[in-house]
Amino acid sequence: MLEIERLAGRTVPCGFAMRQREWKLVLGYGGGPDTWCNKSSEGLICKDFVPPVQPAQPAGLSAAVVHPQPPLPACLKTGFCLWDVVADPGEHVEISARHPDVVAALKAELLTALTGYRAYQLDRACGAPTFEHDQKVGSAWAPWCDSGTWYV
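Under the UniProt record's numbering, the residue at position 53 of the sequence shown is numbered 53, and the numbers go up by one with no gaps.
Derived from the structure by calculation, the hints contain no laboratory data. Every residue gets a Cβ at the ideal spot worked out from N, C-alpha and C, and that includes glycine. Careful, some of the hints might be misleading.
What the hints assert, rightly or not - Using C-beta positions, here's what the derived DEER-type ranges look like:
| # | residue 1 | residue 2 | range |
| --- | --- | --- | --- |
| 1 | F16 | K136 | 42 to 48 Å |
| 2 | R118 | T78 | 25 to 31 Å |
| 3 | D134 | V93 | 26 to 32 Å |
| 4 | R19 | V137 | 29 to 35 Å |
As the list claims (entries may be wrong) - Straight-line distance between alpha carbons at most 20 Å, and here's what the computed SDA-like set of lysine to any residue pairs gives:
| # | residue 1 | residue 2 |
| --- | --- | --- |
| 5 | K24 | V102 |
| 6 | K24 | G127 |
| 7 | K24 | P129 |
| 8 | K24 | E91 |
| 9 | K24 | G138 |
| 10 | K24 | V93 |
| 11 | K136 | P89 |
| 12 | K24 | A128 |
| 13 | K24 | T112 |
| 14 | K24 | R124 |
| 15 | K24 | A87 |
| 16 | K24 | E109 |
| 17 | K24 | L114 |
| 18 | K24 | H99 |
| 19 | K24 | V86 |
| 20 | K24 | L110 |
| 21 | K24 | A125 |
| 22 | K24 | A105 |
| 23 | K24 | P100 |
| 24 | K24 | K136 |
| 25 | K24 | D134 |
| 26 | K24 | W141 |
| 27 | K24 | H133 |
| 28 | K24 | E94 |
| 29 | K24 | G90 |
| 30 | K24 | H92 |
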């Protein structure tokens, strides 16, 4: 089994992607911003999809509109979703089943890229990061510190 096949079956928070010309291959499913980031066969990975709050209906009107859960793409069975970002810039139509040759080629490139991937590490000399208000820049992550040691 290729390493990338093993990665595809694992919970990958905010999966990796490979882009080449019009094609974008995503390991897992990216989801929409601020909604259901990375649904997989294991369920929700990043955070739950929360439908917008419906305003109360005035008396005499029909019941509130029901917001459906986002669709679960069939590509999650394989672990890879393919999009044509030129023809479909909003990435509404997942097309991995129609282009298995493109999926195979991009998977090979993604494997090569991930071979040297190292996840970032927080500087242990710094305190736990928090979101604070800075007078000069507004909201920012803190503390910003440089202990002289870089973890890569």
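These are the hints, each one checked on the structure:
About 35 Å separates the C-beta atoms of F16 and K136, a value inconsistent with the hinted range of 42 to 48 Å. A hinted range of 25 to 31 Å holds for the C-beta pair R118 and T78, which are about 26 Å apart. Here the CB-CB span from D134 to V93 is close to 42 Å, at odds with the stated 26 to 32 Å. One distance hint, 29 to 35 Å for the beta-carbon pair R19 and V137, holds here, with the actual separation near 31 Å.
Our distance criterion of 20 Å between C-alpha atoms is met by K24 and V102, whose separation comes to about 10 Å. Restraint check: the Cα-Cα separation between K24 and G127 comes to about 37 Å, which exceeds 20 Å; the hinted pair is violated. Restraint check: the Cα-Cα separation between K24 and P129 comes to about 33 Å, which exceeds 20 Å; the hinted pair is violated. Proximity of K24 to E91 is assessed by CA-CA distance (about 9 Å); at most 20 Å being required, the pair is judged to hold.
Straight-line distance between C-alpha atoms of K24 and G138 comes to about 35 Å, which puts the hinted pair past the 20 Å bound. Between the alpha carbons of K24 and V93 the distance comes to roughly 12 Å, so the proposed pair stays at or under 20 Å and holds. A hinted pair counts as satisfied when its Cα atoms are at most 20 Å apart, and K136 with P89 does not qualify at roughly 36 Å. At most 20 Å may separate the alpha-carbon atoms for a hinted pair to count; K24 and A128 exceed this at roughly 35 Å.
For the given pair, K24 sits about 16 Å from T112 by alpha-carbon distance, which is consistent with the 20 Å threshold. Restraint check for K24 and R124: not satisfied, since their Cα atoms lie roughly 35 Å apart, outside the 20 Å limit. Note on K24 and A87: the hinted pairing holds, with a Cα-Cα distance of about 12 Å set against a maximum of 20 Å. At roughly 12 Å between alpha-carbon atoms, K24 and E109 fall within 20 Å of each other, so this suggested pair holds.
A C-alpha spacing of about 16 Å is found between K24 and L114, which places the hinted pair at or below 20 Å, so the restraint holds. At most 20 Å may separate the alpha-carbon atoms for a hinted pair to count; K24 and H99 meet this at roughly 12 Å. Distance hint between K24 and V86 is fulfilled; the C-alpha atoms sit about 10 Å from each other, no more than 20 Å. A C-alpha spacing of about 11 Å is found between K24 and L110, which places the hinted pair at or below 20 Å, so the restraint holds.
For the given pair, K24 sits about 38 Å from A125 by alpha-carbon distance, which is inconsistent with the 20 Å threshold. A threshold of 20 Å between alpha carbons decides the hint, and for K24 with A105 the separation of about 11 Å falls inside it, so the pair holds. Restraint check: the Cα-Cα separation between K24 and P100 comes to about 13 Å, which is no more than 20 Å; the hinted pair holds. For the hint pairing K24 with K136, the CA-to-CA distance comes to about 38 Å; that exceeds 20 Å, so the pair is violated.
The suggested pairing of K24 with D134 is violated, with an alpha-carbon distance near 37 Å, which exceeds 20 Å. Taken as a hint, the K24 and W141 pair is broken in the structure, with Cα atoms around 31 Å apart against an allowance of 20 Å. Distance hint between K24 and H133 is unfulfilled; the C-alpha atoms sit about 37 Å from each other, more than 20 Å. For the hint linking K24 to E94, the alpha-carbon distance of about 10 Å falls within 20 Å, and the restraint holds.
A distance of roughly 12 Å separates the Cα atoms of K24 and G90; the hinted pair therefore holds under the 20 Å criterion. Taking the CA atoms of K24 and H92, the gap is about 13 Å. The hint holds against a cut of 20 Å.
Hints 1, 3, 6, 7, 9, 11, 12, 14, 21, 24, 25, 26, 27 from the list above are not met by this structure, while the remaining hints are.
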